[in-house]
Amino acid sequence: MNDVLMAVCDVASAVLMLSGSLLAVISSIGIHRLGSTRARMHATTKPATLGVLLCGVGALVQFADVSDIAKVLVVVILQLVGAPIGSHMLGRAVGGK
Amino acid sequence: MKLVVTICLVMLVIAGALGVARIVRRSTLGDRAVAFDMLTSVLTCALLVSAGYLQDGLLLDLAIVLGLLGFIASVTIARFIEARNGTES
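So the protein lines, in turn, are chains A and B. Numbered according to the numbering used here, the first sequence spans residues 1 to 97. Numbered according to the numbering used here, the second sequence spans residues 101 to 189.
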């Protein structure tokens, strides 16, 4: 039973980590191909929240210790709160072009 | 699991290299700030993936610090750009 649970956890974390990394690669391609600064910001802000969330949850299911799980949650929540605020300020500073 | 983590880290290294190329290439300050923002999130992803594979809680502390640092850096650069544009016009 425990082996089955561990296998399920491994598969879930593999899928989550791979999708998060794929999102990061797509955003780094978009940062080169898109035209204006705001369009590039559109490419980078999705992995800043969703990619970190996916990688974080993928790492979360690997940990057994409660303190490690709490740290992962702190990282993910910090990113979910901080990244949109930073991107919003940056977008306002860059201006409508 | 080792293969999956290797693939993930290779993809994240490619993403980071493309971001660094964007910063080094001649571009405006706003573009560089956007690329830097992406670079910190890619590094956070890499730290989380490594921490999950190695079962190492120390890397998670680094990820917390990096997330805070990236947020403060992007806010500071945004305020700097705003202040500079304000004095020019």
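I should point out that these hints are in silico values taken from the structure, not numbers from a laboratory. Just so you know, not all the hints are guaranteed correct.
In silico EDC-like cross-links for lysine to aspartate or glutamate, where the CA-CA straight-line distance does not exceed 20 Å [unchecked claim]: (1) B:Lys102 with B:Glu182; (2) B:Lys102 with A:Asp10; (3) B:Lys102 with A:Asp3; (4) A:Lys46 with B:Asp131.
Looking from chain A toward chain B, a few residues come up when the C-beta cut is under 7 Å (computed) [to be verified]: (5) Gly35; (6) Leu50; (7) Leu80.
We put the CB at the ideal spot given by N, CA and C, even for glycine.
Here is what the structure says about each hint:
Only pairs whose Cα atoms come within 20 Å are accepted, and B:Lys102 paired with B:Glu182 is rejected, the gap being roughly 45 Å. Among the hinted pairs, B:Lys102 with A:Asp10 is consistent with the structure: their alpha-carbon atoms are about 11 Å apart, no more than 20 Å. At roughly 18 Å between alpha-carbon atoms, B:Lys102 and A:Asp3 fall within 20 Å of each other, so this suggested pair holds. Distance restraint check for A:Lys46 and B:Asp131: the Cα-Cα separation of roughly 16 Å lies within the 20 Å cut-off, and the hinted pair is therefore satisfied.
Interface restraint check: A:Gly35 against chain B, minimum CB-CB distance 11 Å, threshold 7 Å, status violated. Below 7 Å, beta-carbon pairs count as interface contacts, and A:Leu50 has none with chain B, the closest being about 10 Å; its hint is therefore violated. Taken as an interface hint, A:Leu80 does not check out: its beta carbon lies about 10 Å from the nearest beta carbon of chain B, beyond 7 Å.
Hints 1, 5, 6 and 7 from the earlier list are contradicted by this structure; the remaining hints agree with it.
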